[in-house]
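Protein chains: 2
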Amino acid sequence: MLKVPDHQVAGHQGRDGKLGPLVDDSGRFFKPLQGDKRGTDEVAFYTSFSSNTLIPDHIKRFFPIFYGTQLIEASDGSGMQPHLILQDLSFGRSNPSVMDIKIGSRTWSPQAPEDYIQKCLKKDRESSSVELGFRLSGLQIFESKESGFWKPEKRSMTQSLSADEIRSILKKFVSTNKSGVLGSVPDCAFASTVYGGSGGILSQLLELKSWFEEQTTYHFYSCSILMTCEKELALNGKNPRADIKLVDFAHVFEGKGVIDHNFLGGLCSLIKFVSEILSEDCVTEPR
Amino acid sequence: MLKVPDHQVAGHQGRDGKLGPLVDDSGRFFKPLQGDKRGTDEVAFYTSFSSNTLIPDHIKRFFPIFYGTQLIEASDGSGMQPHLILQDLSFGRSNPSVMDIKIGSRTWSPQAPEDYIQKCLKKDRESSSVELGFRLSGLQIFESKESGFWKPEKRSMTQSLSADEIRSILKKFVSTNKSGVLGSVPDCAFASTVYGGSGGILSQLLELKSWFEEQTTYHFYSCSILMTCEKELALNGKNPRADIKLVDFAHVFEGKGVIDHNFLGGLCSLIKFVSEILSEDCVTEPR
Chain B
1 MLKVPDHQVA GHQGRDGKLG PLVDDSGRFF KPLQGDKRGT DEVAFYTSFS SNTLIPDHIK
61 RFFPIFYGTQ LIEASDGSGM QPHLILQDLS FGRSNPSVMD IKIGSRTWSP QAPEDYIQKC
121 LKKDRESSSV ELGFRLSGLQ IFESKESGFW KPEKRSMTQS LSADEIRSIL KKFVSTNKSG
181 VLGSVPDCAF ASTVYGGSGG ILSQLLELKS WFEEQTTYHF YSCSILMTCE KELALNGKNP
241 RADIKLVDFA HVFEGKGVID HNFLGGLCSL IKFVSEILSE DCVTEPR
Chain R
1 MLKVPDHQVA GHQGRDGKLG PLVDDSGRFF KPLQGDKRGT DEVAFYTSFS SNTLIPDHIK
61 RFFPIFYGTQ LIEASDGSGM QPHLILQDLS FGRSNPSVMD IKIGSRTWSP QAPEDYIQKC
121 LKKDRESSSV ELGFRLSGLQ IFESKESGFW KPEKRSMTQS LSADEIRSIL KKFVSTNKSG
181 VLGSVPDCAF ASTVYGGSGG ILSQLLELKS WFEEQTTYHF YSCSILMTCE KELALNGKNP
241 RADIKLVDFA HVFEGKGVID HNFLGGLCSL IKFVSEILSE DCVTEPR
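Chains as they are written, first to last, in full-length UniProt numbering: chain B, 1 to 287; chain R, 1 to 287.
A few of these clues could be false.
Since the list gives no way to pick one copy over another, a pair counts as held whenever it fits inside one copy or between any two copies.
[Unchecked claim] With a Cα cut of at most 30 Å, we get these calculated DSS-like pairs of lysine-lysine: (1) K238 x K145; (2) K60 x K122; (3) K209 x K256; (4) K151 x K272; (5) K151 x K256; (6) K209 x K272; (7) K123 x K151; (8) K145 x K119; (9) K37 x K178; (10) K256 x K245; (11) K256 x K178; (12) K18 x K238; (13) K3 x K209; (14) K245 x K272; (15) K178 x K60.
It should be emphasised that the hints constitute simulated quantities derived from the structure, not laboratory data.
Bound-form chain B, shown alone (with noise of 0.2 Å):
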């Protein structure tokens, strides 16, 4: 009844015996409880978030829905183990196109431990957090029935991309043309229906970024925003279903009056990367 997720792009995968996360049939996502700190702080954060009242539902709705925890059988073999049970966000999809963000220049709080603090300091120069305010952490594209997607494995490289790269990558998750083949122009065929429009991507990021210059009840270190289109739908005419959704709250502190300026800056980044490719001139005409 319980399987590997098919569209997981980041974080610990279940294959092979490992111990990641599994799926059922009704749209339920089963996370394992980290052994640590994180595991009991994902648990209260999720406790917190999803009781607290001052939180508006059209904020909530960029969040996983959270259903508890719950003891399971381990996907690695391991017998029973606590585990989160979350909205399962690729439920009900077709093929999603997914692209796994990190956000933030700094993916550590200043109350964290200090070995803790320098590996994740080194990780966000080394990548691009530190250059571009935010991270790529996994992705795939979907490119036809034919050749399935494109999931690029090297996860060190994704994470350094420079500008330009990310530019071309979230032009490719719009476009029709094949991802994989190097040099090809992306035609960004669905921009204006992925990105744009009032239910857009765009659109998504501006309401969750007028939370974020609110809010200071809570700092999202290391949290991920994940984007989610269904290419085929373009392709036919329908919408397209692209949505963002908030993920990853192993490190999550109190806010304590302030905002989060940190995850702000770099959400604030990532819009500038978004609506340049609405407002260039990518091919715009319907394939």
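Assemble chain R onto chain B, guided by the hints.
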């Protein structure tokens, strides 16, 4: 003809035979070029910025006017030295209250030398920069003709203020009661005239923010926002001439198509502090 400025709150000061800036009696401020790369970098920035026709006038007004460079007799008696000639931001002002706020949780560029990065990082973590996204580099608040200015001398203390202490100082900046008295509750009598209104500081900060959401030409590290107002004018029911100016451009780098998410994040944090004071229940009736 040249003298040491009266209202400098941060940076090297030219008193007692030390090297520091000088002012003339026609509104010009002479800043000695720092001997190393910082000096030439600051000249390069002012030269680039002042001739950049893409910067709108309503943004240019937030920067000191640049008149070029000149060899003049240095304040430390070391003979003729190169100086930047800038607008004297205190010229024509009577007893200005001034806050120098260094913006950004990070004061170092990724391109800087490693030993400089480590020095800055240490200071960013020890001060309020990492937590709040900015730190107070200096301040003077005018109290009255009798008692003069409140000007905390311990620079290291002002730089590591907590969120609550920053809030309190931002309130004192717009209050009639004595600033130095421990525990006195600021009345915020001038919050609406200094921070609020269409020409007030909040509105200016928001204009600057809009520009930082778009501009990808410059990244400003270790740069300050100077907030100034004249309390005596407010006491007499006049416009307190509140304004903001950006200063200190020895660490400006090319943005290369990416927004300055570090400066923007810190700016948004400062904006949140100021807007909270405006919306709070301070005493708002005229004294």
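Fill in: Contradicted hints - numbers only
2, 8, 9, 12, 13, 15
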